[in-house]
Amino acid sequence: MSQSSQFSLLGTRRFLPFFVTQSLGAFNDNLFKQSLILAILYKISLEGDRSIWVNLCALLFILPFFLFSALAGQFGEKFAKDTLIRVIKLAEIVIMAIGATGFLTSHLELMLLALFAMGTHSALFGPVKYSILPQTLRDEELVGGNGLVEMGTFLAILAGTIGAGIMMSSGSYAVVVAVGVVGTALLGYLASRWIPHAAAAAPQMKLDWNIFKQSWLTLRLGLGQTPAVSRSIVGNSWFWFVGAIYLTQIPAYAKDWLHGDETVVTLVLTLFSVGIALGSLLCERLSGRKVEIGLVPFGSFGLTLFGLLWWWHSGDVPSTEVPYDWLALLGLSKAWWIMLSIVGLGVFGGFYIVPLYALIQARTPVEQRARVIAANNILNALFMVASALVTIALLSLAELSIPQLFLVVSLLNIAVNAYIFRIVPEFTMRFLIWLLSHSMYRVEHRELERIPDEGAALLVCNHVSFVDALLLSGAIRRPIRFVMYYKIYRIPLLNFVFRTAGAIPIAGRGEDAATYEQAFARIAQCLQQGELVCIFPEGKLTGDGEIDVFKSGVKRILRETPVPVIPLALQGLWGSFFSRDPNKGVFRRLWSRVTVVAGAPIEVEAAQPALLRERVSALRGDRR
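Residue numbers (the UniProt record's numbering): 1 to 624.
No lab work stands behind these hints: they were computed from the structure.
Predicted model, so just to flag it, every value in this text is computed and none were measured.
Certain hints may be false.
[Claimed, not checked] Mimicking DSSO-like on lysine-lysine, the simulated pairs with C-alpha atoms at most 27 Å apart in a straight line are:
no., residue 1, residue 2
1, 206, 255
2, 334, 255
3, 213, 255
4, 206, 43
5, 540, 551
6, 78, 206
7, 78, 43
8, 78, 255
9, 584, 540
10, 540, 555
11, 334, 487
[Claimed, not checked] Restraint ranges, calculated between C-beta atoms of paired labels, are given here:
no., residue 1, residue 2, range
12, 321, 7, 20 to 30 Å
13, 580, 509, 21 to 31 Å
14, 449, 109, 51 to 61 Å
15, 580, 603, 28 to 38 Å
16, 621, 220, 15 to 25 Å
17, 327, 478, 27 to 37 Å
All C-beta atoms, glycine included, are put in the ideal place defined by N, C-alpha and C.
Take the sequences, apply the hints, and build the full model.
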């Protein structure tokens, strides 16, 4: 397996044109929307309360996600995705031409029409945007690809927001904005011309144009997926609830609590966006190039921690008669905790959102993927509207301050994610596995691509410590059914992980004949269903670091269910904290360097216990 960085995807035609297309689209959305808001606030002659017009802009942009996401999900299944993207980007040119005309003529109605149409464009683009990634990327590239997309999206949002401010400060702002939005749309369409063919997932689908009925059915489809997928959709939408509250309050917070000018608003937005971009990019490295949902609880913890820090340090910046600019604010040591909190929120937001998107893509049936993502978009829009209502209620009716609002959101984050992790304990299980393999152990992988991506296989491995199964789970991409001695299976805390992972406890025939027979029945059933099963043929932990005789249970397994056998070896675990080395000490090997190495598959006929022990011993070598 290639271990190249995710940035190598930017050198491939199957990713780069799509990445450029979606980044330009996000940039143009925000360039036009922010320019329109600034025009309403400062440039256009209007009667009445201008804030009402600004809120109308927000409504017009988000309304299409309710109306057209379900239809977009059907389009994403029925039509080739590359063709659909090009049609959508071609429509963007027309929409931006209308918007440009509105700017040039100061015709507010045309600008608002274009804004609604751009919301429709984004609603149609969303399902195809995320459903095309699993179709064009390999499994080990999915997290990295999603990380790049999230990085590109948030940096494009930031660039569009800042670019709008720069363009609107020009004396001939109308011409500059008109050229900018139409030119960006043209570039987006040209980039889309290079996207390779991505076939339709369900070309036979019959379109249902009843948007209200389909919106309900699409939501039911998304939330009716497996608990891991459906709760990932809820978690994804919760992130947008939290993010919408923070982003909406940044301008007022920068003015009232940081005592800053417009450049401070830009600084805070930049820190938040760069934080999310950085967290999104780090996901690939932290996840080991696989869909690692163990990062989600880690991200949730960080969102709460840095939200609380932001609340705690608000009010530390002294007031001033002349507002601080961004350089002056950075010169204040008391502002640095706030800046750190904002970056931390972004980084851990990236840890939270990227694995959720990757899990939804990876575990949704191909023929339903676009519609499930459409359901996610509908729910995102609902949560963002709810965030606005909650904000109004807490700030206006409950008369909370903005920092107190951040405190409430941070505490709500604990409650919402506790619910998600309780319903889907796999999140917590994977987090414990991830934490173990990134704290007490430094785990390296070798030749693990020899383990098939699908289909049944029996893994055999040496048994060195109480956490062997956890380390193997963290290293191998596919879920594994571990067969383990029932007394290890029952160890407190570890039992939660083993039980959630569907491990199979086994006892000696003489200890508990019923457990012994049940174990072999479950092993046969799992292999027949195409799963990976891992056994430790020694039947016990090593007491001296050496590999003991392999027992004959493997022969019975293969006799009942003939499948390929793949030898594995754990190197460097002997002497670590969870091994039985009498001289290990408590901290002597706290951060042990461990290697998981796989050997070539062995045919059923040759898979005798003695040969398997010989292969595993050769793989382990001298590193006990």
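ask   = Is 28 to 38 Å a correct range for the gap between the Cβ atoms of residue 580 and residue 603?
value = 34 Å, holds
inquiry  = Given the hint of 27 to 37 Å, is the C-beta distance from residue 327 to residue 478 inside that range or not?
reply    = 51 Å, violated
task = Please test the hint of 20 to 30 Å on the beta carbon pair from residue 321 and residue 7.
result = Cβ of residue 321 to Cβ of residue 7: about 47 Å, so the range 20 to 30 Å is violated.
ask   = Taken at face value, is the distance from the CA of residue 43 to the CA of residue 206 at most 27 Å?
value = Distance ~47 Å between residue 206 and residue 43 Cα, so the pair is violated.
message = Against the 27 Å threshold, does the CA-CA distance of residue 213 and residue 255 hold or violate the hint?
response = Violated - the C-alpha atoms of residue 255 and residue 213 are around 44 Å apart, more than 27 Å.
request  = Take the C-alpha atoms of residue 78 and residue 43, compute the straight-line distance between them, and say whether it is at most 27 Å.
outcome  = Between residue 78 and residue 43 the Cα gap is close to 44 Å, so the pair fails against 27 Å, i.e. violated.
query = Could one say that the CB atoms of residue 580 and residue 509 fall in the range 21 to 31 Å?
reply = Distance hint for residue 580, residue 509 holds at roughly 24 Å.
query = Quick one, are residue 78 and residue 206 close enough, alpha carbons at most 27 Å?
reply = Within the cut-off at roughly 8 Å; holds.
ask   = CA of residue 206 to CA of residue 255, is that 27 Å or under?
value = 52 Å, violated
key: Whether the CB-CB distance between residue 621 and residue 220 falls inside 15 to 25 Å   = 54 Å, violated
ask   = Is the hinted pair residue 78 and residue 255 satisfied, with a Cα-Cα distance of at most 27 Å?
value = The hint is violated at about 49 Å.
query = Per the hint of 51 to 61 Å, is the separation of the Cβ atoms of residue 449 and residue 109 within bounds?
reply = Holds, at about 58 Å.
Taken one by one, the earlier hints fail for this structure at numbers 1, 3, 4, 7, 8, 11, 12, 16 and 17, listed in ascending order.
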